[in-house]
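Engineer: Residue numbers (this note's numbering), protein chains in the order written: chain A, 1 to 134; chain B, 1 to 175.
None of these hints come from the bench; they were simulated from the model. Computed from a prediction, not measured in an experiment: that's the story for all the values here. The C-beta atom is built at its ideal place from N, Cα and C for all residues, glycine as well. Keep in mind that the hints are not guaranteed to be accurate.
Said to hold, decoys possible - Within a straight-line C-alpha distance of at most 20 angstroms, the following computed SDA-like cross-link-like pairs (lysine to any residue) qualify:
#  : chain 1 : residue 1 : chain 2 : residue 2
1  : B       : Lys154    : A       : Lys53
2  : A       : Lys119    : B       : Lys154
3  : A       : Lys120    : B       : Lys104
4  : A       : Lys85     : B       : Ala85
5  : A       : Lys92     : B       : Glu162
6  : A       : Lys53     : B       : Ile66
7  : B       : Lys82     : A       : Lys58
8  : A       : Lys58     : B       : Ile66
9  : B       : Lys149    : A       : Thr105
10 : B       : Lys82     : A       : Thr105
11 : A       : Lys61     : B       : Arg124
Unchecked claim - Computed list of chain B residues with no C-beta within reach of chain A, every gap over 10 angstroms:
#  : residue
12 : Val88
13 : Lys101
14 : Arg124
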Amino acid sequence: MENKKPEIPNDLGVIRIADEVVSTVAGLAAIEVEGVATMSGGWGTDLVEKLGKKNLGKGIKVDANGEQTSIDIFIVIEFGYSIPKVAENVQKEVKLAVETMTGLTVSAVNVHVVSVMTKKAAEDNEGAVDFNVD
Amino acid sequence: MSVIGRLVLLVYNLILLVIAGAVVAVSLGWSIPLVYFNMAVSAPENKIIMGTVGVILGIIAIIMLIWGSRFSSHTDAVLVEKGLAGEVYISIAAIKIIIMKAVKQVEGVKDLRPIVSCAPDGLRVKLHTTINTEHTVPELAQALQIAVKDNLEKIGGLQVAEIKVLVDDFNGVSK
């Protein structure tokens, strides 16, 4: 089934917002939340980022269908913070930012915590694991 | 990855295995695969079929590459919360890191290999450990269970059903 992209009609025409725009807004809102160490976008995105292309929508998957937009966010959380609390804050901030900036209705913000890392590891950008995890 | 995706990957890997076997056999002097290959590309119709197969395999490879590069590590996850705002998942890898951090708080553990599975009543954790000889197993095992349970509940907001501690080896024991 093909997803119908959301449209905002006005007197002059129709405004269509690309998924990439929603991803960028959501990514910027999520990374600002206290306790979020970094976004997780898979090795392909990480490789491209290492080559110098900054991707602000990294780790964000947008599913826009008609009036409803659902967002999946893949994040790495800083060790020591309560994951449910950080995830809740991410949901609130992302929903608020996307709805305010784009005018779209966000039906769900699903948070996927893919790893946990210390602040130092996040700053060094060395990856999430300082242990050997199977 | 979906069931269809896994099936495609399986078929693709089997084809690669056959091709690899043929290449190795030819390099070792067995010429029959080469004869079959020459036969396959001898007629124009066969060339079209071979070319089509090559293009299909190439497309599958590119699709697999794109799938692998996007959100590939997010399949094994535990649902923590489901509310009006959406769902919150924690990956098994993240849970293992929380466990490892918790175990670091307990003295006497030389090595640890956690196995995490999800059950309807909560997480089931198996801790394969190597411990130092100066610690007693029951005390250390209990300390591990408390530390891991506390961290998983406090940091992860996860419900823990069971924590099994298995002492695989003692550090410092000469064999």
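Engineer: Each hint should be assessed against the structure and marked as holding or not.
Structural biologist: Each hint, compared with the structure:
Taken as a hint, the B:Lys154 and A:Lys53 pair is broken in the structure, with Cα atoms around 37 angstroms apart against an allowance of 20 angstroms. Note on A:Lys119 and B:Lys154: the hinted pairing holds, with a Cα-Cα distance of about 19 angstroms set against a maximum of 20 angstroms. Straight-line distance between C-alpha atoms of A:Lys120 and B:Lys104 comes to about 17 angstroms, which keeps the hinted pair within the 20 angstroms bound. For the suggested pair A:Lys85 and B:Ala85, the alpha carbons sit about 13 angstroms apart, so the restraint of at most 20 angstroms is met.
At most 20 angstroms may separate the alpha-carbon atoms for a hinted pair to count; A:Lys92 and B:Glu162 exceed this at roughly 33 angstroms. The straight-line distance between the Cα atoms of A:Lys53 and B:Ile66 is roughly 18 angstroms, inside the 20 angstroms bound, and the hint therefore holds. Distance check on the hinted pair: B:Lys82 and A:Lys58 sit about 24 angstroms apart at the alpha-carbon level, beyond 20 angstroms; violated. Distance restraint check for A:Lys58 and B:Ile66: the Cα-Cα separation of roughly 15 angstroms lies within the 20 angstroms cut-off, and the hinted pair is therefore satisfied.
A hinted pair counts as satisfied when its Cα atoms are at most 20 angstroms apart, and B:Lys149 with A:Thr105 does not qualify at roughly 39 angstroms. Between B:Lys82 and A:Thr105 the CA atoms are separated by roughly 19 angstroms; this keeps the pair inside 20 angstroms, and the hint holds. For the hint pairing A:Lys61 with B:Arg124, the CA-to-CA distance comes to about 30 angstroms; that exceeds 20 angstroms, so the pair is violated. For B:Val88, the shortest C-beta to C-beta distance to chain A comes to about 4 angstroms, within the 10 angstroms cut-off, and the non-interface label is violated.
Interface exclusion of B:Lys101 from chain A breaks down, the closest Cβ pair being 6 angstroms apart, not more than 10 angstroms. Under the 10 angstroms C-beta cut-off, the non-interface status given to B:Arg124 relative to chain A holds; the minimum distance is some 15 angstroms.
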